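Chains as they are written, first to last, in numbering that gives the first Met the number 0: chain A, 0 to 188; chain B, 0 to 146.
One or more hints might be untrue.
Unchecked claim - As a list, the in silico PhoX-like pairs of lysine-lysine whose alpha-carbon atoms are at most 25 Å apart:
(1) A:K39 with B:K34
(2) A:K33 with B:K34
(3) B:K95 with A:K39
(4) A:K100 with A:K128
(5) A:K54 with A:K128
(6) A:K33 with A:K54
(7) A:K54 with A:K146
(8) A:K110 with A:K100
(9) A:K128 with A:K147
What the hints assert, rightly or not - Label pairs and their calculated CB-CB ranges:
(10) A:R107 with B:H39: 22 to 28 Å
(11) A:L111 with B:P142: 53 to 59 Å
(12) A:V34 with B:G38: 29 to 35 Å
(13) A:I71 with B:P97: 51 to 57 Å
(14) A:S143 with B:M44: 48 to 54 Å
(15) B:A81 with A:G40: 33 to 39 Å
(16) B:D88 with A:L111: 33 to 39 Å
(17) B:H39 with A:G163: 20 to 26 Å
(18) A:V34 with B:E33: 26 to 32 Å
(19) B:P97 with A:A109: 38 to 44 Å
Bear in mind the hints are in silico, worked out from the structure with no lab data behind them. Bear in mind that the values here come from a model prediction, so they are computed numbers and not experimental data. Note that CB positions come from ideal geometry on N, CA and C, so glycine has one too.
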Amino acid sequence: MANGFRKLALLGALALAISTAAIAAQKDHYLHIKVDDPAKGESVNVNVPLSMAEKILPTVNRGNLHQGRVTISNEDMDGVDLRTILDAIRTAPDNEFVTVKQHGQDVRVAKLNGNLVVHVREAGEGGHKVDITVPMKVVDALFSTAKKDELDVAAALRALADAGDTLLVSVQDATQHVRIWVDSRSSQE
Amino acid sequence: MLLLGKIALGLAGTAVAGVGLLCSEGMIQVNVIEKRPEGHHIHVMAPALLLPIGMHFAPKEGISEASAEIQLWLPTIRAALAQLRECDDFAFVEVKEPGQQVRVAKSGGSIVVDVNSEEQSVHVSAPIRAMSSAVGELAAAAPATER
């Protein structure tokens with residue numbers, strides 16, 4: 000009898016764990032943008048559910064944006080073959096790929112823990128500090144179209160939703176701080 | 000006497016059903032409070048169903064230009080409204096600056112805009128369903144070639 004109860008309790012706990020995991024998996028992810036200017040006492044917060052952006056984006060057909068894809072002209076890329084570069088990065092181990100140090104600015108591009116990471120540091124007081132982290136899965140999705148001159152933004156949004164909580168962009172200058180991140184919370188509090 | 004009672008009951012039932020129908024799409028609320036001595040306080044609450052009905056009976060020539068302009072963005076607006084209906088409550092935009100706050104949010108099936116400044120506070124709330132119907136009516140008012 001006690002054994003039966005134990006099995007029942009175990010099954011119940013298992014069912015609860017599975018249903019909790021299922022609910023958590025279904026939870027919508029939000030893209031948050033926060034701009035703070037403490038000196039002026041100003042702040043702007045924007046929150047967008049990724050599922051909403053994913054559904055809306057393919058309906059916008061204006062300019063370079065069509066069916067959730069952005070067309071990039073050769074002039075925009077200035078002769079740089081991004082796909083080839085990214086293929087090389089994808090297959091390479093975690094490492095620092097590019098470090099550019101020039102007058103007043105350090106740029107570091109690396110692949111770390113499955114993320115493409117870009118750090119830019121400007122020298123001097125109030126110089127920009129830029130940190131960009133993009134999961135490689137998102138980069139892959141962005142370049143998943145058959146056409147060479149297209150970026151699949153809709154696919155990237157889907158990949159972003161799957162990637163979980165991520166701080167994508169952080170830009171800090173003398174007065175302002177801009178942050179862009181993804182998490183499962185609908186507010187920024 | 001019994002007949003009068005039945006008629007009264009019928010009328011009351013019709014009135015209740017009418018009010019229920021009128022409020023079926025929720026209510027549009029506008030609340031403006033001027034923050035000064037003897038400032039105005041305007042509070043308007045109207046059934047949201049009146050919005051698409053009003054659009055339907057509005058003179059077509061009056062809204063045809065707006066209707067033609069909206070055609071291009073119609074799929075986007077429809078997709079956005081459909082998604083808004085499905086998603087949880089959240090704030091799209093919050094802007095804070097000294098002396099003024101603006102908040103645009105989805106709350107309980109409505110889009111809510113709150114502006115709070117030193118001079119006045121404004122609160123506008125409109126049900127998403129009514130907005131979808133109004134957009135549909137606006138789209139239908141376009142000349143046949145535009146659609």
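Is it true that the C-beta distance of L111 (chain A) to P142 (chain B) lies inside 53 to 59 Å, as the hint says? 57 Å, holds
K128 (chain A) and K147 (chain A) were given as a pair; does the straight-line alpha-carbon distance stay at or below 25 Å? Violated, at roughly 32 Å.
Verify the proposed pairing of K33 (chain A) with K34 (chain B), using a straight-line Cα cut of 25 Å. 30 Å, violated
So does A81 (chain B) sit 33 to 39 Å from G40 (chain A), Cβ to Cβ? 38 Å, holds
K110 (chain A) and K100 (chain A): Cα distance at most 25 Å? 18 Å, holds
Is the Cα-Cα distance between K39 (chain A) and K34 (chain B) 25 Å or less? 24 Å, holds
Check the following: the C-beta atoms of D88 (chain B) and L111 (chain A) are separated by a distance inside 33 to 39 Å. 36 Å, holds
51 to 57 Å as the expected CB spacing between P97 (chain B) and I71 (chain A), which holds or is violated: Taking Cβ atoms as reference, I71 (chain A) and P97 (chain B) lie about 41 Å apart, which means the hint is violated.
Is it true that the CA of K54 (chain A) sits at most 25 Å from the CA of K128 (chain A)? 33 Å, violated
Verify the CB-CB distance for R107 (chain A) and H39 (chain B) against the hinted window 22 to 28 Å. At roughly 58 Å between Cβ atoms, H39 (chain B) and R107 (chain A) fall outside 22 to 28 Å, so the hint is violated.
Is it true that the C-beta distance of V34 (chain A) to G38 (chain B) lies inside 29 to 35 Å, as the hint says? 32 Å Cβ-Cβ, so the 29 to 35 Å window holds.
Need the status of pair K100 (chain A), K128 (chain A): alpha-carbon distance at most 25 Å? OK: K100 (chain A) and K128 (chain A) at ~14 Å, within 25 Å.
Figure legend: structure checked against the earlier numbered hints; hints not met, in rising order: 2, 5, 9, 10, 13, 17.
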